[in-house]
Amino acid sequence: MIKTDILIIGAGPTGLFTVFEAGLLKLKCHLIDALPQPGGQCSEIYPKKPIYDIPGFPEVLAGDLTDNLLEQGKQFEPGFTLGERAETIEKLDDGTFIVTTNKGTKHHAPVVAIAGGLGSFEPRKPKLENLEKYEDNGLAYFIKDPEIYRNKRVVIAGGGDSALDWSIFLADVASEVTLIHRRNEFRGALDSVEKVQELKLLNKINLITPAEVTELKGENKLEAIVVEKDGEKTLIETDEFLPLFGLSPKLGPIGNWGLEIEKNAIKVNNALDYQTNIPGIFAIGDVNTYPGKLKLILCGFHEATLMCQAAYQIINPGKKYVLKYTTVSGIDGFDGTRKEAPKAVVKAIQ
Amino acid sequence: MSDVNIKITDRDGEIHSIEAPTDMAMNLMEVIRSYELAPEGTIGVCGGMAMCASCQCYIVSEHQLDEMGDEEEAMLSEAFDVKENSRLGCQIPITEALEGLEIEIAPES
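Just so you know, the sequences run in chain order A and B.
Numbered according to the numbering used here, the first sequence spans residues 1 to 350.
Numbered according to the numbering used here, the second sequence spans residues 1001 to 1109.
For the record, the hints were derived by calculation from the structure and aren't laboratory data.
Just so you know, even glycine gets a beta-carbon here, dropped at the ideal spot from N, CA and C.
One or more of the hints may lead you astray.
Said to hold, decoys possible - With the Cβ distance kept under 8 angstroms, some of the chain B side facing chain A (calculated, not the full set): (1) 1040; (2) 1041; (3) 1046; (4) 1074.
What the hints assert, rightly or not - Residues of chain B placed beyond 12 angstroms of chain A at every Cβ, according to the derived structure: (5) 1042; (6) 1060; (7) 1063.
Claimed, not checked - Using 16 angstroms as the maximum straight-line C-alpha spacing, the simulated EDC-like pairs for lysine to aspartate or glutamate come out as follows: (8) 127/A x 1036/B; (9) 152/A x 237/A; (10) 267/A x 1108/B; (11) 250/A x 1108/B; (12) 195/A x 165/A; (13) 1007/B x 1104/B; (14) 293/A x 1040/B; (15) 293/A x 1036/B.
Just chain B, same shape as in the assembly (with noise of 0.2 angstroms):
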């Protein structure tokens, strides 16, 4: 298991190269928090149970993630700014498929 390499651009559209760690069972949001790339009480508000969409975010590379469920789905369909490549960070757990990838954080709602 290796790391996976992952762009980040945050609120402030400043974009950060990180190394994520595949075996650590973290998922997007948290990986997020760990980098501090967005302020502590505005992102993974709810804890990571898909029920805040404070994690929101746009996937810009072309990667293929698993399916939303119904939890992820449904609360993007209430959050604000969501677009066509809107997914849930905290639904997105870390594999080595991801290395590549490159998402932005959407904005604090």
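Excised from the complex, chain A in its bound form (with noise of 0.2 angstroms):
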């Protein structure tokens, strides 16, 4: 069982700064995520995309500003639980919570905030009849293990870069892959382009465009797919299927706490405090609603900053906290660093 103050569901911009404003408070964090790295949005969708209204940074990329979140509250030694889905939630009798992930981590806090953006990133599922039959049965959005994959006939459908990183790792694990995409032309970087043209003249790849995946077949398992190209259907017998088309966000489990929903986002106080109609569970940063809200990074830096004062209460109840200025009071890093201010400087301020 994992403990910590503060449970943050969702380590993108706004969880991330999450634990340094709790850090400054001494609470602890730890943060949950369905993708393999922090960042959420930032780091997933547009990592190399320039950011203009971040307060102190007139441009910055969306994965410099991750990485500098990162940086910022690494001081404050906060866990992390990637590449699992927060799926359950159960309040215990003294008011705590224990969230339980897909994969059965579990964690107890006696905070939870829900930093989740517009929700987990799920995989976009191609529109095929029998999906759900074959999934995880010769059919998956993810490979978590390539060596599954090693002297098998594979079939990878998609046209991004995950499509092709994929066949070109594969193309040296796998006895066959079959690329197929619905045009000619690849939306990925041009490497990795010029190594699947490379691959496919040494017959290593098998290249199959422009065509579509229209059926799939197989009795208790995947057996074949069926491939359309210029109107004209092509059975192929294949072990594993791979639709790589990204990844979209669903609000997903989080949907089913009892939280007070709106508009596919939580319903908070914003006058006081950004909590939900759960004591306890805050949400914060573009998952949550109320009126007036703005879905804007710096708006989610304003609500985990009000929120974690909250939190202080909860987990500290009757002792008062100061605000203190970080120019003036400096930084205690839960790991034994200090910063401060130079003292002439405290002093001329004083």
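Please dock the two separately framed chains into a single complex, following the hints provided.
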């Protein structure tokens, strides 16, 4: 069981900044995210896109913002459960919570902060009949262990980086790799596209474009797919099918936690502390809604700051906390580090 | 600069006649969001960067729109439910040339 003061669901910018604000109040954080790396949309969808409305940064790449937030919070030693989705929540008699992920990892905390952005990122599934029947039975949307595909016949569908990268990787692992894409051009890194072209010429990748997978076949397990190209259908026998069409966000299991939901977002008390209808559970950043809500990263930062003050009162009932400025009080990291302004400067301010 | 009239068929098949401003640098996806014609979180997910296809729509009327850019074309090549008349709403700026435009929002994917 992982124990922490504030359990943060979602490791996007708002969740990552919560680590820092909570750290100033001597509160420890642990973050859960369905993605395998922190950063949320910033690192998953647009790491190379510039953002222009982060205070103090005239321009910052989304990926760099994530890196900076991780660096800023590092001294407060946050814990991470990555690649797992928060599935269930249980409120104990003492008012604390146990959150369990889809992989069974349990987390215990007195305060839960949902900073889930638009939700957890789920694979975009092609609209094919009997898709569920073959899931984890010859069909997968992620590659967890490439060894599973050793000496097997693999069909990959998609035209982005993921489809290209895995086609290249599996060309040396699988006995046969077929890459199917709806058009002749690929939306991926130039290096990857050229490598696929090279592997095609070496007969290590069977490239079928422009084409689409239209049917899945198999009794108990996936045995073949049907590909449509130029109006003609072809049956291709395969052991594994990997439709890699990217990710889309879904509110997911959080939607079943008894929280008040409005327009796919969690209602909170913004006049006070961004608490939901369940005491002890807060929602901050793009995942929440209230009158006048703006889905901006900087608003998430503000909400995280106020939420941490309320969390402090729940964790330390009756204890007074005086707001301090880091310019004056410095920062005491949980790792034993201390940052503070040079004394001469402090004296000059006084 | 005046507003333009656009007919938008939502994902439930309901037709909405709306007026879209031409002087606010909005795009079609933003107009759909501002009129709440698709549930929050199901349209314009990437914020309008042609990186998610959640704002895919079908151009029903005969309007000649600007040609697709590389990013839009590439995204639509990966998206589902794509038709000959598919476009990404986030890549269509609202201009006076859109007067009378009729579109249908593509299914959520």
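Hints, one by one, checked against the model:
no., hint, in the structure
1, 1040, "holds (4 angstroms)"
2, 1041, "holds (4 angstroms)"
3, 1046, "holds (5 angstroms)"
4, 1074, "holds (4 angstroms)"
5, 1042, "violated (7 angstroms)"
6, 1060, "holds (22 angstroms)"
7, 1063, "holds (24 angstroms)"
8, 127/A x 1036/B, "violated (26 angstroms)"
9, 152/A x 237/A, "holds (11 angstroms)"
10, 267/A x 1108/B, "violated (23 angstroms)"
11, 250/A x 1108/B, "holds (12 angstroms)"
12, 195/A x 165/A, "holds (9 angstroms)"
13, 1007/B x 1104/B, "holds (8 angstroms)"
14, 293/A x 1040/B, "holds (12 angstroms)"
15, 293/A x 1036/B, "holds (15 angstroms)"
In summary, the numbered hints that this structure violates are 5, 8 and 10.
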